[in-house]
Amino acid sequence: MIMWVDINTSWLQSVRYHLGYVLKPGHDVALFPRLVVGLLGESADSRSKLLDDNKQLKARNLVLQQRVQRLAYLEAENITLRELLSASEQVDDKVLVTSVTSIDPDPRTYQVLLDKGGEDGVFIGQPVLDAKGLMGQVIDVLPNSSKVLLIADSNHVIPVQVNRNGVRAIAVGTGSLDTLELLYVASTADINVGDYLVSSGLGGRYPQGYPVGIVSSVERPAGEPFIKVQARPSARLDSSRHLLLVFRAGAGRVPPDNLWRKVR
Amino acid sequence: MRLIVMSVFALFLAFVCEHWPIAPKFYWLLPQWVALTVIFLSLTVPIVSRIALAIPVGLLMDVEHLLPLGTHMIAFSLLIYLVHLLRNRLYMLNIVQQMMVVFLLVASYQIVLLLTQMLMMEYVIPNNIVVSACVSALMWPWWRVLLKTLFQRVPA
Numbered sequence: 001m002i003m004w005v006d007i008n009t010s011w012l013q014s015v016r017y018h019l020g021y022v023l024k025p026g027h028d029v030a031l032f033p034r035l036v037v038g039l040l041g042e043s044a045d046s047r048s049k050l051l052d053d054n055k056q057l058k059a060r061n062l063v064l065q066q067r068v069q070r071l072a073y074l075e076a077e078n079i080t081l082r083e084l085l086s087a088s089e090q091v092d093d094k095v096l097v098t099s100v101t102s103i104d105p106d107p108r109t110y111q112v113l114l115d116k117g118g119e120d121g122v123f124i125g126q127p128v129l130d131a132k133g134l135m136g137q138v139i140d141v142l143p144n145s146s147k148v149l150l151i152a153d154s155n156h157v158i159p160v161q162v163n164r165n166g167v168r169a170i171a172v173g174t175g176s177l178d179t180l181e182l183l184y185v186a187s188t189a190d191i192n193v194g195d196y197l198v199s200s201g202l203g204g205r206y207p208q209g210y211p212v213g214i215v216s217s218v219e220r221p222a223g224e225p226f227i228k229v230q231a232r233p234s235a236r237l238d239s240s241r242h243l244l245l246v247f248r249a250g251a252g253r254v255p256p257d258n259l260w261r262k263v264r
Numbered sequence: 001m002r003l004i005v006m007s008v009f010a011l012f013l014a015f016v017c018e019h020w021p022i023a024p025k026f027y028w029l030l031p032q033w034v035a036l037t038v039i040f041l042s043l044t045v046p047i048v049s050r051i052a053l054a055i056p057v058g059l060l061m062d063v064e065h066l067l068p069l070g071t072h073m074i075a076f077s078l079l080i081y082l083v084h085l086l087r088n089r090l091y092m093l094n095i096v097q098q099m100m101v102v103f104l105l106v107a108s109y110q111i112v113l114l115l116t117q118m119l120m121m122e123y124v125i126p127n128n129i130v131v132s133a134c135v136s137a138l139m140w141p142w143w144r145v146l147l148k149t150l151f152q153r154v155p156a
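Here the protein sequences line up with chains A and B, keeping their order.
In terms of this note's numbering, the first sequence opens at residue 1 and continues consecutively.
In terms of this note's numbering, the second sequence opens at residue 1 and continues consecutively.
Some hints could be false.
Stated by the list, open to error - Derived DEER-like restraints, expressed as beta-carbon distance ranges: (1) A:Gly223 <-> B:Trp142: 36 to 42 Å; (2) A:Phe123 <-> B:Pro46: 21 to 27 Å; (3) B:Ala52 <-> A:His242: 22 to 28 Å; (4) B:Val5 <-> A:His242: 22 to 28 Å; (5) A:Trp4 <-> B:Ala52: 52 to 58 Å; (6) A:Val36 <-> B:Leu3: 42 to 48 Å; (7) A:Ala59 <-> B:Tyr91: 39 to 45 Å; (8) A:Arg164 <-> B:Leu29: 50 to 56 Å; (9) A:Asn54 <-> B:Tyr91: 46 to 52 Å; (10) B:Ile95 <-> A:Leu183: 49 to 55 Å; (11) A:Arg60 <-> B:Ile95: 42 to 48 Å.
Stated by the list, open to error - Some chain A residues well away from chain B (every beta-carbon gap over 10 Å; in silico): (12) Trp4; (13) Leu12; (14) Gly20; (15) Arg34; (16) Val36; (17) Asp53; (18) Ala59; (19) Arg67; (20) Arg70; (21) Ile103; (22) Lys147; (23) Arg164; (24) Gln208; (25) Pro221.
Said to hold, decoys possible - Covered stretches of chain B (in silico footprint by chain A; criterion: 3 or more residues with CB under 8 Å from a CB of chain A, positions within the stretch not fixed): (26) 8–20; (27) 57–66; (28) 70–82; (29) 142–152.
Hints listed in this document are in silico derivations from the structure and should not be mistaken for laboratory results.
Quick reminder that beta carbons are idealized off the backbone N, C-alpha and C, glycines included.
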């Protein structure tokens, strides 16, 4: 009964959220050794100041890199927009710098835990980036932490387009951190190895124009309506520690509550 | 009161281990810490570990593993029920035999968990039940000794 209610309604969302407070001490203790190692490393006062400055600069750099990421896409878009004489859209999304605190120990999924949660304004469905590209989306929010489903997870799907010519496709995770697969690409589609894939924004969840991957292989089986395309994710899914949570202007608590549950 | 506090602490330890950061290539080595602790509590402090224990522990595990609330509750209820059934016999078994029983208990716990998920959710990726139950069984003697020492050392 409880399961049915939790799956089909959002009534128990607050119970789940508040249980996060109970789990918080356990999470903190589990991550304590890492904290101690970090503190020992920063023991000297003068050194710690330098490290603080360094951290701030890194965070600043990350924000700037996020803006740079979109330049390649904007160049292509600019040509189209000039032709159409329409106004360019706002590209200055707000972001929040966050850190990966742990990786979900469940071997069946690719999920990471972030150190920002509901108290920082994080919401389910929120896109997450690293310095190189799209990492995934938030699928669960607790008060002081949140879980992110990476784009390489086999349950994850993202609408993409080829940056060069706008050919649209659906990129699904394969369960391997270095491979995405493109679904429903017509055999006549102009797509080649080395093409940049960016988010198309058509799903309504991810913002448009962020790097998703680079096409790594294209197979064209004779007589098949669709070709087999694989891509390598742009984001460093297995090594990025500092990530960005994107707050889009106008993006609410994205699609229906029950949608994200079916993703798992 | 002391038993309740110690039981809560044992469960806290299990949740800490459940969340312990581990390199991806060693994921398969993770035992079912909370299930092992529930088995221990059901054996050692049956007054505390009743079926009702499955409710808070199950809910917390569901939040921890991002599953619909109630999924673990069913599996833990069965686990506690089975341990209570086998309790007297388990005391008479030697440690190797206990490990074999723990293997079966953890495997059945995981099978119930899997079946519940298959019933309620659209996409379920099965865990490696045999490996996980094996690792849990191998950890049982150590975990049991640790918790037993903990229960004995702390003064009333």
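Against the structure, the hints come out as follows:
1. Against the hinted window of 36 to 42 Å, the Cβ-Cβ separation of A:Gly223 and B:Trp142 comes to about 59 Å, which falls outside the hint.
2. Distance hint for A:Phe123 and B:Pro46: a CB-CB separation of about 44 Å, inconsistent with the stated range 21 to 27 Å.
3. The hinted range of 22 to 28 Å is not satisfied by B:Ala52 and A:His242, whose Cβ atoms lie roughly 43 Å apart.
4. Distance hint check: the CB atoms of B:Val5 and A:His242 are about 39 Å apart, inconsistent with the given range 22 to 28 Å.
5. A beta carbon spacing of about 21 Å between A:Trp4 and B:Ala52 contradicts the range 52 to 58 Å that was offered as a hint.
6. Restraint check, A:Val36 to B:Leu3: a C-beta distance of roughly 32 Å breaks the suggested window 42 to 48 Å.
7. At about 57 Å, the CB distance of A:Ala59 to B:Tyr91 disagrees with the hint of 39 to 45 Å.
8. Between A:Arg164 and B:Leu29 the beta carbons are some 45 Å apart, a value that contradicts the proposed interval 50 to 56 Å.
9. The hinted range of 46 to 52 Å is not satisfied by A:Asn54 and B:Tyr91, whose Cβ atoms lie roughly 58 Å apart.
10. For B:Ile95 and A:Leu183, the Cβ-Cβ distance of about 52 Å falls inside the hinted range of 49 to 55 Å, so the restraint holds.
11. Roughly 57 Å separates the CB atoms of A:Arg60 and B:Ile95, a value that falls outside the hinted 42 to 48 Å.
12. A cut-off of 10 Å between C-beta atoms contradicts the statement that A:Trp4 is not in contact with chain B; the least separation is 7 Å.
13. The claim that A:Leu12 lies off the interface is violated: its Cβ sits roughly 5 Å from the closest Cβ of chain B, which falls inside the 10 Å cut-off.
14. The Cβ of A:Gly20 does not lie farther than 10 Å from every Cβ of chain B; its closest approach is about 6 Å, which violates its non-interface assignment.
15. The non-interface label for A:Arg34 is inconsistent with chain B: the shortest C-beta to C-beta separation is roughly 7 Å, within 10 Å.
16. With a closest Cβ-Cβ approach of about 13 Å to chain B, A:Val36 is found to remain outside the 10 Å limit, as its non-interface label requires.
17. No Cβ of chain B approaches the Cβ of A:Asp53 within 10 Å, the least distance being about 27 Å, so the stated non-interface status holds.
18. With a least CB separation of 22 Å from chain B, A:Ala59 remains clear of the 10 Å interface cut-off, as annotated.
19. The beta carbon of A:Arg67 sits about 31 Å from the closest Cβ of chain B, which is more than 10 Å, so the claim that it is off the interface holds.
20. Taking the minimum C-beta to C-beta distance to chain B, about 31 Å, the non-interface status of A:Arg70 holds against the 10 Å cut.
21. Non-interface call for A:Ile103 relative to chain B: violated, since the shortest CB-CB distance, roughly 7 Å, does not exceed 10 Å.
22. The Cβ of A:Lys147 does not lie farther than 10 Å from every Cβ of chain B; its closest approach is about 6 Å, which violates its non-interface assignment.
23. Consistency note on A:Arg164: stated as away from chain B, and its beta-carbon is indeed over 10 Å from all of that chain's, at 33 Å minimum.
24. Chain B leaves A:Gln208 outside its interface by the beta-carbon criterion, the shortest separation being 27 Å against a cut-off of 10 Å.
25. Distance check on A:Pro221: its Cβ is at least 27 Å (rounded) from any Cβ of chain B, clearing the 10 Å threshold; non-interface status holds.
26. Residues of the stretch 8–20 of chain B lying with their CB closer than 8 Å to a CB of chain A number 7, which satisfies the three-residue condition for coverage.
27. Coverage of the stretch 57–66 of chain B by chain A holds. Counting CB-CB distances below 8 Å, 7 residues qualify, and the rule asks for three or more.
28. Interface restraint, the stretch 70–82 of chain B with chain A: holds (3 residues with C-beta to C-beta distance below 8 Å; minimum three).
29. Coverage of the stretch 142–152 of chain B by chain A is violated in this model, with 0 residues showing a Cβ closer than 8 Å to a Cβ of that chain against a need of three.
Violation of the numbered hints given earlier is confined to hints 1, 2, 3, 4, 5, 6, 7, 8, 9, 11, 12, 13, 14, 15, 21, 22, 29; the remaining hints are satisfied by the structure.
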